[in-house]
Amino acid sequence: MTSLPRDPGPKKLGLVIDLDTCVGCHACAVSCKEWNTGGVAAPLTDLDPYGADPVGVWFNRVHAYEAGDGMGGRTVHFPRSCLHCDEPACVSVCPTGASYKREEDGIVLVDEDLCIGCKLCSWACPYGAREYDRDAGVMKKCTLCIDRIYNENLPEPERVPACVTACPTSARHFGDLGDPDSPISRLVAERGGRDLMPELGYRPVNKYLPPRPTRGGTDPAEGGADPLRPEPESDGGRFLRWLDATLSR
Amino acid sequence: MQPAYSVIFFPSASGMGYGLLILLGVLAPAEMIPDNRAFGLVSLGFALGAVTFGLVSSMWHLGHPERVLLAYTQWRSSWLSREGVLATVTYAPAGLFAIGWIGFGEVVGFWGVCGLAAAVLAGFTVYSTGMIYASLRPIPAWCNRWVVPVYLSLALFTGALWLNAIRLLFGHPAADASLVVVATLLLSVSLKWAYWRYLDGARAGSTPETATGLGSIGKVRLLDPPRTQTTYVTQEMGYRVARRHAAKLRRYASVLLFALPFVLTLATVATHSWIAAGAAVAAALSGSVGVVIERWLFFAEAKHVVTLYHGA
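Going line by line, the protein sequences match chains U and F. Each residue of the first sequence is one higher than the last, beginning at 1 in this note's numbering. Each residue of the second sequence is one higher than the last, beginning at 1 in this note's numbering.
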């Protein structure tokens, strides 16, 4: 049934991504690919994998952006995956009932046995979360590692999405965003977590934590010191440098 | 958006088929067109043939066409499913109308009601085709109030071109049919022009800043894409060829879809017999090629907001 749940439960599982600590190592993307190519949506087909023009299905992709200019500018690494929206148009456009949003935890999934591969859901997604598997003829997407988070064969600490366990800087957080008192909801409140493209009204569940502000006064235009330019030497600099070097030993 | 051949031919062919079906279903019971059985066979056969060709071609791009019956199940939420249901249901009254007209030479009474029902359902089918596009919020060039009226008027106009051509081939005097062509042509030109004007003036609601949530830092630009080659998303949504040539393609579409058929249709009124028939067929062919270019442009000009993540 591609109508959205009429009576969605309070639970909204999702991810919170900290753009301040993400270093753009792509470990989450690779780990996602590794787990899911053996998981419920397996395989995540690669076409021409060792050739000149490989193309394949990934559920998570890491962009890098520059935001702002000059000393106030930042390089921001930006992992992008399904946001498990509260208003997922990808689900309501599906003509067959293959796409659905789970009532019990809000996860958006594709039933590959019902998918006719019309691709309309991928047109309806503003976030590019759905990727068509040309080999299988069906649409695939992030499952929030549904085969990990409820998997009783895994030790308790590993029952989180693969991307979250893989992140070396703990930039990815998993939890219940429907509960305002859950640790990740508190994190979102504390850090001013944001929705992507809120103007489209999809009400994404996943949130992005913006980079923390840079330390003030570093912009030379605003009179701060420029760390790229060494400070001019003063008289007696050689002695002070010797002293500095000796004391630093 | 990548203009797949199947999604170009489907609305072009089925649009003109449904447009012709609407005109036949309304004009025949109103006794405004001849109820000649051979004429019914050719015109209804052409309409239903074009519709069927369009529907079949729309299945070319499916990954699993054998599961297509599942697409009838989600009409509560999906315009694509509603279109499928309506397209199929339309065959029932259209088939009865054809039996009455071609089999018994009857286009009034019960058979006329079937014709009217087919016309109404055909109209709703084209409406839901338009709504498939008009309901996609990530594609501002489609999600606006002009898209559905353009779909409906172009269906009627291209249908009218073929109605005129078939009537003249049967040697029916056709000043009133030419009037239908000119009226629907003027309606289509105005709506398409308004659509293009809207498109050129539209301001982007979504930007790289809203897409990343980084606008508070400053202007956002892509430094590194997440992959070395293309992906399904960049291939499907990141089509740029036509946007570079949009002005030129709009001129070609306008000439073939509107200007030539207009001149040729005027020529059918001024001349008689075979010259008029030839001009009407030429007008219909020109309009058919024009509507394919128009539909191609409709896709190729449309920019999906996901391209904002990829440096567009």
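Wrong hints could be hidden among the right ones.
[What the hints assert, rightly or not] So these bits of chain U aren't anywhere near chain F, every CB distance computed over 12 Å:
no., residue
1, Leu4
2, Gly9
3, Arg80
4, Leu120
[As the list claims (entries may be wrong)] Footprint (simulated), chain F over chain U, 3 or more residues, beta carbon under 8 Å:
no., stretch
5, 29-38
6, 44-55
7, 146-157
8, 174-184
Source of the hints: derived by calculation from the structure; they are not laboratory data. We treat Cβ as the ideally placed atom computed from N, Cα and C, and that holds for glycine.
How the hints compare with the structure:
Listed as outside the interface, leucine 4(U) is inconsistent with that label: its C-beta sits roughly 8 Å from the nearest C-beta of chain F, within the 12 Å cut-off. Look at glycine 9(U): its CB is around 20 Å from the nearest CB on chain F, clear of 12 Å, so calling it non-interface holds up. Once the 12 Å rule is applied to beta carbons, arginine 80(U) is inconsistent with being away from chain F; the minimum gap is 6 Å. For leucine 120(U), the condition that its CB be more than 12 Å from all CB atoms of chain F is violated, with the nearest at approximately 6 Å.
Using a Cβ-Cβ cut-off of 8 Å, 1 residues of the stretch 29-38 of chain U lie near chain F, which falls short of the minimum of three, so the contact claim is violated. Look at the stretch 44-55 of chain U against chain F: 3 of its residues bring a Cβ nearer than 8 Å to a Cβ of that chain, three or more, so the hint holds. Three residues within the 8 Å Cβ limit are the bar, and the stretch 146-157 of chain U against chain F gives 0, so the coverage statement is violated. Counting residues of the stretch 174-184 of chain U whose CB lies closer than 8 Å to any CB of chain F gives 0, which falls below the minimum of 3, so the coverage claim is violated.
In summary, the structure is inconsistent with hints 1, 3, 4, 5, 7, 8 from the numbered list given earlier, while agreeing with the others.
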